[in-house]
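Chains R and F, in that order, give the protein sequences. Everything in the first sequence is counted per the numbering used here, starting at 1 for the first residue and increasing by one. Everything in the second sequence is counted per the numbering used here, starting at 1 for the first residue and increasing by one.
Mixed in with the good hints, there may be bad ones.
[Claimed, not checked] Pairs of lysine-lysine, DSS-like flavour, derived with a Cα cap of 25 Å:
1) 17/R to 239/F
2) 519/F to 17/R
3) 513/F to 55/R
4) 239/F to 35/R
5) 505/F to 55/R
6) 13/R to 284/F
7) 13/R to 270/F
8) 17/R to 271/F
9) 13/R to 271/F
10) 50/R to 505/F
11) 50/R to 513/F
12) 13/R to 300/F
13) 55/R to 519/F
14) 55/R to 224/F
15) 224/F to 50/R
16) 35/R to 235/F
17) 235/F to 13/R
[What the hints assert, rightly or not] Facing chain F, a subset of chain R residues (Cβ under 10 Å, in silico):
18) 59
19) 63
20) 84
Bear in mind the hints are in silico, worked out from the structure with no lab data behind them. Quick caveat: nothing in here was measured; it's all calculated off a predicted structure. Idealized CB from N, CA, C, for every residue including glycine.
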Amino acid sequence: MSVRVRLAFPYRKLVGKEEVELDLNSPTKVKDILKMVSERYPGFRDYAEKGTDEKIAPLMVILLHDRVLRLDDSVEAGETIQIMPPIAGG
Amino acid sequence: MAGGYMGKVLRVDLARKKTEEITFSEEMCRKFIGGSGLGAKILYDETKADTDPFSPAAPLIFMAGPTANTLVPTSGRHAVVARSPLTGVFGESDAGGTWGARVKQAGLDGIIITGKAEKPTYLWIQDGKVEFRDASHLWGKDTYEIDPVLKAETHKNATVAAIGPAGEKLALLAGVVHDGKDARIAGRCGLGAVMGSKKLKAIVVQGSNKTPVAHPEDLAASVKELMPTILESSKNFGKLGTSGGVPTHETMGNFPLQNWKLGRWEEGAKKISGAAMAESILVKRYACRQCPIACGREVKVEQGPYAGVDGAGPEYETMGTLGGMCLVDNLEAVAMANELCNRYGLDTISTGATIAFAMECYENGLISKKDTDGIELTWGNHQSLVEMVKKMGKREGIGELLGRGVRKAAQEIGGIAPEFAMHVKGLELPAHDPRAYFGAALAFATSARGACHLSAWTMGFERGLTMPELGADGRITRWEVEGKAKFVADCQFVMGMYDSMKLCKFIAFGGIKISHGLKWFNQVTGWDMDLPEFFKTGERLFNLKRMINVRWGVSRKDDTLPPRSLTHKRVGPGLTETELHLPPLGRLLSDQYEYCGWNELGIPRPEKLKELGL
Numbered sequence: 001m002s003v004r005v006r007l008a009f010p011y012r013k014l015v016g017k018e019e020v021e022l023d024l025n026s027p028t029k030v031k032d033i034l035k036m037v038s039e040r041y042p043g044f045r046d047y048a049e050k051g052t053d054e055k056i057a058p059l060m061v062i063l064l065h066d067r068v069l070r071l072d073d074s075v076e077a078g079e080t081i082q083i084m085p086p087i088a089g090g
Numbered sequence: 001m002a003g004g005y006m007g008k009v010l011r012v013d014l015a016r017k018k019t020e021e022i023t024f025s026e027e028m029c030r031k032f033i034g035g036s037g038l039g040a041k042i043l044y045d046e047t048k049a050d051t052d053p054f055s056p057a058a059p060l061i062f063m064a065g066p067t068a069n070t071l072v073p074t075s076g077r078h079a080v081v082a083r084s085p086l087t088g089v090f091g092e093s094d095a096g097g098t099w100g101a102r103v104k105q106a107g108l109d110g111i112i113i114t115g116k117a118e119k120p121t122y123l124w125i126q127d128g129k130v131e132f133r134d135a136s137h138l139w140g141k142d143t144y145e146i147d148p149v150l151k152a153e154t155h156k157n158a159t160v161a162a163i164g165p166a167g168e169k170l171a172l173l174a175g176v177v178h179d180g181k182d183a184r185i186a187g188r189c190g191l192g193a194v195m196g197s198k199k200l201k202a203i204v205v206q207g208s209n210k211t212p213v214a215h216p217e218d219l220a221a222s223v224k225e226l227m228p229t230i231l232e233s234s235k236n237f238g239k240l241g242t243s244g245g246v247p248t249h250e251t252m253g254n255f256p257l258q259n260w261k262l263g264r265w266e267e268g269a270k271k272i273s274g275a276a277m278a279e280s281i282l283v284k285r286y287a288c289r290q291c292p293i294a295c296g297r298e299v300k301v302e303q304g305p306y307a308g309v310d311g312a313g314p315e316y317e318t319m320g321t322l323g324g325m326c327l328v329d330n331l332e333a334v335a336m337a338n339e340l341c342n343r344y345g346l347d348t349i350s351t352g353a354t355i356a357f358a359m360e361c362y363e364n365g366l367i368s369k370k371d372t373d374g375i376e377l378t379w380g381n382h383q384s385l386v387e388m389v390k391k392m393g394k395r396e397g398i399g400e401l402l403g404r405g406v407r408k409a410a411q412e413i414g415g416i417a418p419e420f421a422m423h424v425k426g427l428e429l430p431a432h433d434p435r436a437y438f439g440a441a442l443a444f445a446t447s448a449r450g451a452c453h454l455s456a457w458t459m460g461f462e463r464g465l466t467m468p469e470l471g472a473d474g475r476i477t478r479w480e481v482e483g484k485a486k487f488v489a490d491c492q493f494v495m496g497m498y499d500s501m502k503l504c505k506f507i508a509f510g511g512i513k514i515s516h517g518l519k520w521f522n523q524v525t526g527w528d529m530d531l532p533e534f535f536k537t538g539e540r541l542f543n544l545k546r547m548i549n550v551r552w553g554v555s556r557k558d559d560t561l562p563p564r565s566l567t568h569k570r571v572g573p574g575l576t577e578t579e580l581h582l583p584p585l586g587r588l589l590s591d592q593y594e595y596c597g598w599n600e601l602g603i604p605r606p607e608k609l610k611e612l613g614l
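Okay, chain R solo, but in the shape it has when bound (with noise of 0.2 Å):
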């Protein structure tokens, strides 16, 4: 089993794809699953590892479906998370 992260415009440039599969078999944290992906994408790094959900929140969405993820929240295997910009109106 896997877990699915699609990227949005502008991480996917920073990534190389617009989606990265991570094998996964037990429910992982989203904190988890941001720092395997900026291992192996390591132009991802300065976006992904804020280390708070604060610092994070003004760069971007993490969404499971519709609903907004906390960096501790945990993903289960065989879901595909989403992260997207965050930008609200204007």
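Once you've looked at the hints, dock chain F against the given chain R.
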């Protein structure tokens, strides 16, 4: 006088060609701040229950904030305030760009326009000196055309606030356009039509004054210290612009589709996103005065049917209304429709929403090709979208009717047309779905100007942004009801203060908290305002606007949402949990009234007004 204030507001009587300088006491400034707040106070004092928005006596107020023309980041905004001819209630609209700072350089905190000029006129204000100039040669011309002409006639560094043909012809969706083709618009509430009713084509300002700052060294040090945080936190926002969020909002069920009917439109949303713009027609980013974020877009279309687009690009709200609401996924067509709105001086939100309304009327046989002069008003028809904007801008054919907005157009069309008229208090919904965020549902219902996404600006905090002073810890959820009314009201108090100090709310994307903004405000003014006074002042401004509306007949009956937002779920394939929620507005309203000290009809209680010094 405290720092931040030039100490002068100019009153202009267009009929008599007279001006007068007004001063406000420091106490008055501290109570009502500036921008939207001081504008509301002036409007309250200078109107009555029967003041017609188009009567010569009705004031049209332009107000900068105390932070304008200082080092405070994102302080380059100003407010335009009047009784709205579109809604009949309190009207305010806000613009970035350079005009707010420039009016301070001209030596003024703001301008109050009254009277009606005998013939088309523009005002040229330089360092406090005022000239009434003939604008006959500019009448009928669009805002992009006249900007260089006015600069040539006045000063190359002047900034122009102008109306286009839509405002001249009293289209109720007309706004006031600033900075020529950079097009920063005070679009909402039809205030461009108020300017048109006074035969005032433009206000051109320039000067060499500096805004006095009480503690300049402290302010400079604080801004320098926080700038790296602002730049790092806002880097995505600057890169993608406001429309960078289109796919996110579509995924979260917040993006308006097919006049708020359809549930999902993933591929369409991608085509009109900030990312798509960055990879195609984006030429460069635009920054308002004193803004390190630069979320504005400058676009150019060089080929194809929409070649010639050259200037400000569509913002998120525009993508939502001219794009998603009409199901138009042609980015260049949306850019053209946006530019036409800017040139004619039309609010893109209300214009797109009204065209979507007309498309649904067309779909249901309430209007036909006979009414549209042969235009096929079908969903997704980008050529028709562009043609309809032209008709509305010129007020030709059906454009005359649609230029009055969805509420009045629905009354005229009759039948079930009001079902499709998505507005609150007559103001068309912006591109955020009250079903996707219950905070937005309540804020749309109780915001003074009608359906407004900015007067509470809760959505960001309901999906992760933090603001400790508001208790926003990143865990406030979208559909939570318990505690939501207090949160929305507190946001309305705070955002009312931002609108009065004239800080851009997007500074929150730069990691700037309320306490930082307040610290800058105190460094500018020299005051020692603390957070309780900040919140109390915001509450005063919110209640003042409510009392203006009460004077004009507003009560609980008006604090509502369109039936579609309250009782219809979105439809179509691929629906997620988002599309299945409906806001419990009655409960939310009761909670907010109680928290705000209003009675069950939504009227502020006398003891609340006394407590607030109103």
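If you draw a straight line from the CA of residue 55/R to the CA of residue 224/F, is it 25 Å or shorter? Holds - the C-alpha atoms of residue 224/F and residue 55/R are around 20 Å apart, at most 25 Å.
Agreement of residue 55/R and residue 519/F with the hint, judged by alpha carbon distance not exceeding 25 Å: 21 Å, holds
Is residue 13/R within 25 Å of residue 300/F, Cα to Cα? Holds, at about 23 Å.
Does the alpha-carbon distance linking residue 235/F and residue 13/R stay inside the 25 Å limit? Holds: residue 235/F and residue 13/R sit about 15 Å apart, inside 25 Å.
Hold the hint about residue 59/R up to the distance rule: shortest CB distance to chain F must be less than 10 Å. With a minimum Cβ separation of about 6 Å from chain F (threshold 10 Å), the hint on residue 59/R holds.
Given hint residue 513/F paired with residue 50/R - CA-CA distance at most 25 Å: 18 Å, holds
Are the Cα positions of residue 50/R and residue 505/F separated by 25 Å at most? 23 Å, holds
Holds or violated: residue 239/F with residue 35/R, Cα cutoff 25 Å? With Cα atoms ~24 Å apart, residue 239/F and residue 35/R stay inside 25 Å; holds.
Would you mind confirming whether the straight-line C-alpha gap from residue 13/R to residue 284/F stays at or under 25 Å? 19 Å, holds
Holds or violated: residue 519/F with residue 17/R, Cα cutoff 25 Å? Since the Cα atoms of residue 519/F and residue 17/R sit roughly 43 Å apart, the hinted pair is violated (cutoff 25 Å).
Is the Cα-Cα distance between residue 35/R and residue 235/F 25 Å or less? With a Cα-Cα distance of about 21 Å, the restraint between residue 35/R and residue 235/F holds, given a limit of 25 Å.
Tell me if residue 63/R is really an interface residue toward chain F, meaning its C-beta lies closer than 10 Å to one of theirs. Constraint on residue 63/R satisfied, holds at 6 Å.
This entry does not satisfy hint 2, going by the numbered hints stated previously; all others are met.
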